[in-house]
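Protein chains: 2
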Amino acid sequence: MPMYKELSNGQKLSEYNRLKKQHAAYCAENLALDMSRGKPGPEQLDLAAGMHSCLAEDDYYSSDGIDCRNYGVLDGIPEIKKIFADILDVSPGEVIVGGNSSLGMIFDNIASNVSHGVRDSIPWQKQGDIKFICPVPGYDRHFAICDYFHIKMVTVKMTPAGPDMDEVERLVNHDPLIKGMWCVPVYSNPDGCIYSDEVIRRIAGLTPAAHDFRIYWDNAYCIHNFRGERPEIPCILRECEKSGNPHMPLVFTSFSKISFSGAAISAMAASVSNCDFIRKRLAVQSIGPDKLNQLRHARFFGSVDGVYSHMTKIADMIRPKFEAVIETFENNLSQSGVAEWTDPSGGYFISFTTLPGCAARAVSLCKEAGVTLTPAGSTYPYGKDPDDSNIRIAPTYPTLCELKKAMEVFSAAVKLASLEKLL
Amino acid sequence: MPMYKELSNGQKLSEYNRLKKQHAAYCAENLALDMSRGKPGPEQLDLAAGMHSCLAEDDYYSSDGIDCRNYGVLDGIPEIKKIFADILDVSPGEVIVGGNSSLGMIFDNIASNVSHGVRDSIPWQKQGDIKFICPVPGYDRHFAICDYFHIKMVTVKMTPAGPDMDEVERLVNHDPLIKGMWCVPVYSNPDGCIYSDEVIRRIAGLTPAAHDFRIYWDNAYCIHNFRGERPEIPCILRECEKSGNPHMPLVFTSFSKISFSGAAISAMAASVSNCDFIRKRLAVQSIGPDKLNQLRHARFFGSVDGVYSHMTKIADMIRPKFEAVIETFENNLSQSGVAEWTDPSGGYFISFTTLPGCAARAVSLCKEAGVTLTPAGSTYPYGKDPDDSNIRIAPTYPTLCELKKAMEVFSAAVKLASLEKLL
Numbered sequence: 020m021p022m023y024k025e026l027s028n029g030q031k032l033s034e035y036n037r038l039k040k041q042h043a044a045y046c047a048e049n050l051a052l053d054m055s056r057g058k059p060g061p062e063q064l065d066l067a068a069g070m071h072s073c074l075a076e077d078d079y080y081s082s083d084g085i086d087c088r089n090y091g092v093l094d095g096i097p098e099i100k101k102i103f104a105d106i107l108d109v110s111p112g113e114v115i116v117g118g119n120s121s122l123g124m125i126f127d128n129i130a131s132n133v134s135h136g137v138r139d140s141i142p143w144q145k146q147g148d149i150k151f152i153c154p155v156p157g158y159d160r161h162f163a164i165c166d167y168f169h170i171k172m173v174t175v176k177m178t179p180a181g182p183d184m185d186e187v188e189r190l191v192n193h194d195p196l197i198k199g200m201w202c203v204p205v206y207s208n209p210d211g212c213i214y215s216d217e218v219i220r221r222i223a224g225l226t227p228a229a230h231d232f233r234i235y236w237d238n239a240y241c242i243h244n245f246r247g248e249r250p251e252i253p254c255i256l257r258e259c260e261k262s263g264n265p266h267m268p269l270v271f272t273s274f275s276k277i278s279f280s281g282a283a284i285s286a287m288a289a290s291v292s293n294c295d296f297i298r299k300r301l302a303v304q305s306i307g308p309d310k311l312n313q314l315r316h317a318r319f320f321g322s323v324d325g326v327y328s329h330m331t332k333i334a335d336m337i338r339p340k341f342e343a344v345i346e347t348f349e350n351n352l353s354q355s356g357v358a359e360w361t362d363p364s365g366g367y368f369i370s371f372t373t374l375p376g377c378a379a380r381a382v383s384l385c386k387e388a389g390v391t392l393t394p395a396g397s398t399y400p401y402g403k404d405p406d407d408s409n410i411r412i413a414p415t416y417p418t419l420c421e422l423k424k425a426m427e428v429f430s431a432a433v434k435l436a437s438l439e440k441l442l
Numbered sequence: 020m021p022m023y024k025e026l027s028n029g030q031k032l033s034e035y036n037r038l039k040k041q042h043a044a045y046c047a048e049n050l051a052l053d054m055s056r057g058k059p060g061p062e063q064l065d066l067a068a069g070m071h072s073c074l075a076e077d078d079y080y081s082s083d084g085i086d087c088r089n090y091g092v093l094d095g096i097p098e099i100k101k102i103f104a105d106i107l108d109v110s111p112g113e114v115i116v117g118g119n120s121s122l123g124m125i126f127d128n129i130a131s132n133v134s135h136g137v138r139d140s141i142p143w144q145k146q147g148d149i150k151f152i153c154p155v156p157g158y159d160r161h162f163a164i165c166d167y168f169h170i171k172m173v174t175v176k177m178t179p180a181g182p183d184m185d186e187v188e189r190l191v192n193h194d195p196l197i198k199g200m201w202c203v204p205v206y207s208n209p210d211g212c213i214y215s216d217e218v219i220r221r222i223a224g225l226t227p228a229a230h231d232f233r234i235y236w237d238n239a240y241c242i243h244n245f246r247g248e249r250p251e252i253p254c255i256l257r258e259c260e261k262s263g264n265p266h267m268p269l270v271f272t273s274f275s276k277i278s279f280s281g282a283a284i285s286a287m288a289a290s291v292s293n294c295d296f297i298r299k300r301l302a303v304q305s306i307g308p309d310k311l312n313q314l315r316h317a318r319f320f321g322s323v324d325g326v327y328s329h330m331t332k333i334a335d336m337i338r339p340k341f342e343a344v345i346e347t348f349e350n351n352l353s354q355s356g357v358a359e360w361t362d363p364s365g366g367y368f369i370s371f372t373t374l375p376g377c378a379a380r381a382v383s384l385c386k387e388a389g390v391t392l393t394p395a396g397s398t399y400p401y402g403k404d405p406d407d408s409n410i411r412i413a414p415t416y417p418t419l420c421e422l423k424k425a426m427e428v429f430s431a432a433v434k435l436a437s438l439e440k441l442l
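As given, the protein sequences belong to chains A and B, one line each in that order.
When the count follows my numbering, it moves up by one through the first sequence with no breaks and lands on 442 for the last residue.
When the count follows my numbering, it moves up by one through the second sequence with no breaks and lands on 442 for the last residue.
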């Protein structure tokens with residue numbers, strides 16, 4: 020089969036009719052496959068089953084003698100701060116441990132900066148129509164936070180090495196209303212790329228027109244390699260110190276896809292001065308996060324090495340799923356020339372690119388056949404992909420068997436949508 | 020010994036010298052007793068020891084089949100919603116389950132109203148210098164939230180039946196900048212009073228000048244009776260419905276002083292329309308609270324009856340502590356006529372009143388002798404008690420033996436501070 024665009028109209032029509040029949044056959048199978056979110060599969064969660072009972076009834080003291088059952092300790096017990104510090108390559112004094120969701124910590128940090136300003140400077144809300152740099156395609160929940168706080172989203176193209184830094188510098192270094200930038204530096208969502216050292220140093224070296232500019236460094240996937248070595252990137256806190264911007268980065272991560280997604284713990288890392296400022300808010304906001312869950316995590320993993328060893332087990336579960344998707348795409352789509360996809364070494368997503376104007380239609384065709392994907396457009400602010408060509412594939416939740424089926428349905432849908440466009 | 024005010028100056032001086040010596044003797048004992056916060060004692064926490072292991076490794080499905088280990092479910096699994104609904108005498112559809120701190124839920128609700136308005140109305144921050152009604156004495160953390168959001172605090176006197184409603188009506192029904200009111204209706208903090216049915220109906224019947232007025236009904240102690248029957252008060256949601264103000268009340272409670280203070284779960288109750296609005300924010304803010312901890316609580320307590328039966332065990336531990344404090348006060352202070360105190364049937368505090376201008380001095384004398392109390396003034400906005408006479412006593416954390424000692428030191432300190440004033 021030659022590339023679709025090289026086919027005659029008659030050949031296109033014949034291929035179209037063949038795919039139409041195949042799609043109808045899929046629809047008749049009454050499938051119900053959900054690939055809409057980057058959720059761990061149940062077998063991944065089973066790996067942490069020991070956490071249910073790893074705290075004995077009389078095991079509730081932290082290493083510094085705090086009764087973790089009672090009130091107190093705003094920012095985390097020492098043993099869990101240490102593990103997060105080791106994961107993020109920072110010192111424990113630069114870590115604040117949060118509740119069960121790093122998204123919640125990010126939301127709260129932005130809420131704080133909007134209403135109270137960064138480190139007691141002028142609140143963002145009093146500075147006019149502020150903006151964030153949003154590399155695209157990107158993470159829909161980041162965009163939803165911007166939308167919620169009426170923060171304008173300025174899109175910048177992602178490259179395989181990270182955001183287009185010429186564009187980022189042009190914008191950030193000249194517009195004082197640009198107050199923030201979203202970054203998922205390792206296994207970016209959805210491309211799965213790792214920011215290059217050069218891109219990271221250029222981010223750290225930004226000279227923002229806004230003195231209260233913040234980098235939201237969402238390092239959710241920093242140890243989620245499933246192929247090859249754990250990626251090592253320059254530490255954004257250290258790089259920003261070197262460039263004289265120590266308070267610019269805010270780093271976030273969590274155990275959400277490591278222990279139990281819905282019952283994990285999150286953390287952030289920032290300059291000591293940023294942490295001091297954040298603790299002032301925490302002191303008003305809460306009497307401290309769940310310390311027993313912190314202790315549970317510390318006991319179950321023991322140390323950062325325990326976490327790494329757990330991650331290799333998770334990697335062995337995730338790798339075959341990504342491989343199955345890539346293999347299905349290669350078998351079904353390579354020859355038609357109507358799609359491209361990333362082949363990441365970690366993270367939770369594959370970024371899939373259709374011909375312009377075909378993504379929403381492909382997702383909709385899948386829906387008809389009982390395969391739910393992340394809505395087309397959701398990788399762009401306001402859910403609007405200007406090219407209608409990007410689709411985020413989330414392979415982790417379904418079983419291998421379901422996944423292969425879903426990706427066959429999807430491949431057929433992409434080809435069908437493409438031919439509708441080409442005919 | 021007659022009342023201090025009836026003593027001659029010479030008698031006062033002699034009593035002063037006696038107490039001065041006694042205080043010096045206490046100081047020499049090198050005590051280190053902390054009664055600064057309303058923390059459960061370790062023996063209360065021991066009662067929930069079974070929670071550490073009440074989830075078996077394969078026990079992670081909620082009653083509606085949700086895998087509680089994974090992402091999802093914004094506002095709580097059915098079984099825990101039901102328990103909270105039963106505790107608060109509302110329907111499960113009026114309940115939103117939160118993280119480990121009801122204070123955090125309250126903070127977030129106010130943050131939301133400040134930045135986004137109640138149910139999509141004009142944000143409070145765009146309406147000028149807004150104010151809250153603060154019954155005094157009251158809870159320092161409520162006042163701290165107001166202070167953080169630059170909400171002016173309008174104080175209203177507490178009576179044994181609740182806030183002075185003549186004053187509340189005069190203020191709320193005429194000032195559109197008054198947007199909220201703090202209420203701790205059962206075992207108010209620190210007085211320990213229960214709002215009368217009449218007061219509750221008058222609160223529900225307010226006709227606020229502000230259409231976006233909200234009652235913050237912090238029902239933290241609703242089932243924390245340690246003497247007599249569990250108090251039954253009219254349900255504020257139902258009363259506000261009857262008076263045509265269904266969206267006015269926001270009810271908060273938690274398991275913080277029931278299971279593990281630092282690792283519990285919180286909940287709020289409100290009109291369905293309020294809940295819908297809050298869920299919109301939650302959908303941006305988080306991927307849901309810790310459902311395994313919800314399941315753990317549901318399994319451990321089983322039902323609201325399980326919670327009630329647990330509370331009787333807690334009551335048996337707390338009652339002797341309150342009795343010891345009251346007895347020490349009666350023995351040491353009744354005759355001097357320089358102090359009054361409440362004798363509540365539940366909750367976590369005794370409200371203690373010195374002669375005007377003596378509270379800070381008494382707390383400071385205790386500190387010298389190694390007994391840390393809640394700072395004088397903390398029951399008033401900005402930490403400023405205009406009479407310098409209220410002290411919050413928190414009897415639950417120390418052992419009975421420590422408590423008796425601490426209250427003897429405190430009684431002597433109060434008398435000494437009073438004589439300094441009277442001489």
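No lab work stands behind these hints, which were simulated from the structure alone.
Remember, it's a predicted structure, so these values are computed and weren't measured experimentally.
Each hint should be verified, as a subset may be incorrect.
[What the hints assert, rightly or not] For each label pair, taking beta carbons as the anchor points, the in silico distance ranges come out as: (1) D78/A to V323/B: 25 to 31 angstroms; (2) A228/B to D295/A: 38 to 44 angstroms; (3) K261/A to A228/B: 54 to 60 angstroms; (4) G91/B to A43/A: 29 to 35 angstroms; (5) G112/B to E251/A: 46 to 52 angstroms; (6) V323/A to G91/B: 25 to 31 angstroms; (7) V291/A to K40/B: 55 to 61 angstroms; (8) K40/A to G84/B: 52 to 58 angstroms; (9) G147/B to E186/A: 29 to 35 angstroms; (10) E25/B to V303/A: 42 to 48 angstroms; (11) S262/B to H193/A: 31 to 37 angstroms; (12) H193/A to G112/B: 35 to 41 angstroms.
All residues carry an ideal CB built from backbone N, CA and C; glycine is no exception.
Report the numbers of all earlier hints that the structure fails to satisfy, in ascending order. Violated: hints 7, 8, 9, 11 and 12.
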